[in-house]
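Peer 1: Given next are the chains, with one letter for each unit.
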Amino acid sequence: MTQSVVVQVGQCGNQIGCCFWDLALREHAAVNQKGIYDEALSSFFRNVDTRVVGDGGSISKGKICTLKARAVLIDMEEGVVNEILQGPLRDVFDSKQLITDISGSGNNWAVGHKVFGSLYQEQILEKLRKSAEHCDCLQCFFIIHSMGGGTGSGLGTFLLKMLKDEFPDVYRFVTSVYPSGEDDVITSPYNSILAMKELNEHADCVLPIDNQSLFDIISKIDLMVNSGKLGTTIKPKSLVTSSAGAVKKRHQKPFDAMNNIVANLLLNLTSSARFEGSLNMDLNEISMNLVPFPQLHYLVSSLTPLYTLADVNIPTRRLDQMFSDAFSKDHQLIRADPKHSLYLACALMVRGNVQVSDLRRNIERLKPSLQFVSWNQEGWKTSLCSVPPVGHSHSLLALANNTCVKPTFMELRERFMRLYKKKAHLHHYLQIEGMEESCFMEALSSLSGLIEEYNQLDATKSMPVEDFPRLSVAM
Amino acid sequence: MSVVTVQLGQCGNQIGFEVFDALYTDSHCPHGLCSKRENEAYQASCKERFFSEEENGVPIARAILVDMEPKVTSQTLSKAAQSGRWKYGQHSCFCQKQGSGNNWAYGYSVHGPRHEESIMNLIQKEVEKCDSLSGFFIIMSMAGGTGSGLGAFVTQKLQDQYSNSLKMNHIIWPYGTGEVIVQNYNSILTLSHLYRSSDALLVHENDAVHKICAKLMNIKQISFSDINQVLAHQLGSVFQPTYSVEGSCHYRRNPLGDLMENLVPHPEFKMLGIRNIPQMSENSLAYSTFTWAGLLKYLRQMLISNSKMEEGIDWHVRPPLSRLPTLGKASLNRELQFNTSIANLVILRGKDVHSADLGGFKDPALYTSWLKPINAFNVWKTQRAFSKYEKSAALVSNSQFLLKPLDTIVGKAWNMFASKAYIHQYTKFGLEEEDFLDSFTLLEQVVASYCNL
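Chains G and Z supply the protein sequences, listed in that same order.
Each residue of the first sequence is one higher than the one before, counting from 1 in UniProt numbering.
Each residue of the second sequence is one higher than the one before, counting from 1 in UniProt numbering.
In isolation and in its complexed conformation, chain Z is listed as follows:
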């Protein structure tokens, strides 16, 4: 089954390019560490999901590019075409002349309705190219105007028009110290709308990825390109094919469906985070070896202590004793900064994958009381190595990962809202104070729900 990607705004398009590049490069990587037949099955599965039939041998990404001003999309299209390895469809791009001005209301209320037909038509065309549709992957930032506002609008329309297909939104959480001054407003408006119309929100925080670039990848002058590449690597390690129950050479067919089934048991909890291990520069990789036991030990502690990467982990955080009654457990967790999970998915790729012991992830103490670990925890495997890493493990988690960042954004937006700053910029385009209040109410609810796990 195929995934149709919608890249929105500057961020969405810049990231989208890196994602397709990473997927393509990995699927054609000569270091697969598996049999030729295995590798071919992997490649075919990846292709079915993300690329469509080639014209003269060049695969075309199953994506549409949307932006309200032309600079980024034309850059993205030409970068892909120049690589000679894969490209975007000739007619897959929709852009306008004037951007959304970092204004969520402009993206949602002006650009949305104005361009609804054209954008939905483009999506329809892409969907028709798929033999069978797994769903939509929408890449957008929260801080700006197009990704956030138009992204929220398009997701809603997808909900209406393709009610049987799944939608996963990939959201970029902006740096804490501003990229955009009104980013907190744009963020809360986006999140509240997406919570109603999306099936899952897969979040990447710029601050976290930036730290990975600085500490693990040892990059001195970090550019957005570097950040996007790390991000694309993490996404690739989740979306590339893994075995279905039948075992090797048979790959799962429905990536989005399987992700949702495993990770989003309850609509109140749909925020997912990714952790990936190991993550290092190519130079260091040549000198490192790993064991599954080591990798999984680190990954588990990253989950429990809410660490974003394998350096600087707090090893003091422990899961609580499961003998305590539920109420006591909740408050103790908060004190210990223990990260309670609703559901976790571990994806293992590489050598000796079947020997990996995942007992540590099945401990009931990691999870809320209303799901048994057998339902809350899942593992996907493939022997085929990912992107030069002999062994790599990814964790997709529905847990309290994003509780603090969400709480922080809501707090800052609320302070700004209380002083009425910038509100006139939004009401100019049809948004009312009521709409802000609705968003705050919904998000406070989400914060409270996650807090009380």
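In isolation and in its complexed conformation, chain G is listed as follows:
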């Protein structure tokens, strides 16, 4: 089995990362009853004997001693990382896995990318190499960051090129939180567009997330919980927003619920690779199936169900509802409506007590209402993992390579142009060594190129599907 390393950059990245590790521990605790360090655990955790000083402490089999996360935590301010190290997860991280500074990036991509990039390049490389050495077979780097700030956006994307050069065979999956319309960071459009160029060029797969969508999902859940409808008691722990009750005792901070959704996304994405099932899907299959052309690697995700009702018997109707919900625009993690746009490819990753016939029935049922690109009319990738997430009997993660990402990018470009036309705040960037106006122009053109690709695909939407003439054989 393979291992993955999580690289969490900036405030957002580290807060989401923290929720991820919390939930990962909870999930493995539920599955791993005997306390044996198995291969599933080893995908994200090392087993260490903390009494041994230095590096020799790794234990590959047997009983669990102390679990250490395969993670590198990077932030140019100390606040968030310090909080993690003082919190309930302090034993999961090693001080050797952290890189911090005190001054922060001031919401400036250029500071994160150029200044801190060159300052910490060696250190970061060293930490990454170390974490790779601890892996038997490293398959994937998961990078978590936000696009709108300075550290996550700038330093986070600086990392990408480094990872590509240093570990060319290891996949780079990036979870990027895009700034929503009401974002309070004025320069977020600049930071996002500059970061997008790096994502376009150096990421294998990007899972864009939007704070507003996460917030809407939470509101929906709250409405459900508080509606007091007859017979609707929600199973505890089944909320996609809940965290490990035992580990976090304090009242949840406002972003916690939202971060838990993203943490669940990452867990479900990797579940079929970690746990057994009748149709496994490894991480390398995600890229293979969902990225038909190298530049089009942005995947819109949706998670269902958001909660499980307390009645144990799940009739088929409810199971089918789970599939329907996965395609509704209310369940997507960015503002997007995949049903009314064009699908290039779609993956359905199912967990729990769901069989191949349930999967097939729902694909047949939903297919007519979805539009697929002409050369991929049956573009479905499916996986069945036997282990459900904690608190659920089954769950579904849908990943779509769909032109519905286009509006997000177009809005971003528009906000960028509004600022750039007036040269607002530009001097903060240009005063950094290595930054010139051409950087902005290149980033803009990279984004426009991407948007144009999606436009061309959309143009084929209403055209009739024609088969290409086949090779003719002389008999």
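By construction, these hints were calculated from the structure, which means they are not laboratory data.
FRET-style restraints, in silico, Cβ to Cβ:
1) G:463 - Z:364: 45 to 53 angstroms
2) Z:369 - G:467: 31 to 39 angstroms
3) G:318 - Z:207: 25 to 33 angstroms
If we take Cβ atoms under 8 angstroms as the criterion, some of the chain Z residues that face chain G in the derived model are:
4) 98
5) 99
6) 177
7) 180
8) 182
9) 415
10) 419
11) 421
12) 422
13) 424
14) 440
15) 445
16) 448
Beta carbons: idealized from backbone N, C-alpha and C, even for Gly.
Fit chain Z to the given chain G structure using the hints.
Peer 2: Chain Z alone, transformed into the frame defined by chain G:
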């Protein structure tokens, strides 16, 4: 003579387990409906073919398990060991840490050469345990990366290293609406390579087996386990021992050789399909009785109308009048959706097997003009009943069964290829566009050949 099975990838290993389980369970079934001596001869023959000497009484499957990631093989090994009835050899498994990522090129060009020596060594060890080798049975899917790509590579190596032994590849045809998005690419690459290096391709279509589970077995929530069990049942009904010419208690010795001899007269036509009758849930079985006449009538119509199971058969399809000249016959066949056969093998198992009348299968109208029915049609029998079915009949057919599915896959792959989608994922690992074109050319040839029967 013995058959060495190579189980490749998740699909191959999951199916392989069910196959050995079905073979074992049937050979130890108390409802053999024959004499004790007969039953013992049957068991011994089955054992010689598929299992090797027991250590402390537990037979060991003549198989090697190959997968590029460990989850499935470790599950398969432990499932077999836990059953207590049979198991896999302790050292018969080869696995790596990272899978092939649904990438044929990765399975063929990276995993293949890298692990060639280890895998071929394992196979050699298994071959050495056989007193005499009938050949290899390779179980793989077409849609994924390991079964398909590594499977194609291993078959080629078997061709090189064991040129005198036969190779039959058991191929799983994926569901029409995707399990894997690039399944059509993986399929055409696999088929074109296997066509060059394999002796016969025995095909099972997931869609067809799924329908059997739904309509005949009445299973509500069908799992892959259910599908694999139906599949294993069909394979068992073909591979379990049958009488040789000497008659009862003397069983055929060379299952693969005999299959090839009867079914693959021409290397251009090597795709075989299986039909089995009856197929039903255990509950229904208790209330059913059959006659050979009834079973064979249905089986014949299943062959002619290209039906996958005994329900929903189109009884309107008739063989053409044999008086028409050959050319006219070919086009008429297409209109009538009549399935022309090159060769057929019917295997009968159970009570009163010698009273069965197979005249319907000897009609020259069923076959192409270049083989007389006496050469194109064969029947194998045994009185020993198979797996609780008092009477059962299997049909292995080299016919136009797979023409439409093949044509469909080639068409879809071609459309995708024309837009160049996903090609970069394959060229990354050494495959060129040329290789794709070669595959398409070969398969279009095969489609045309079968079409013009």
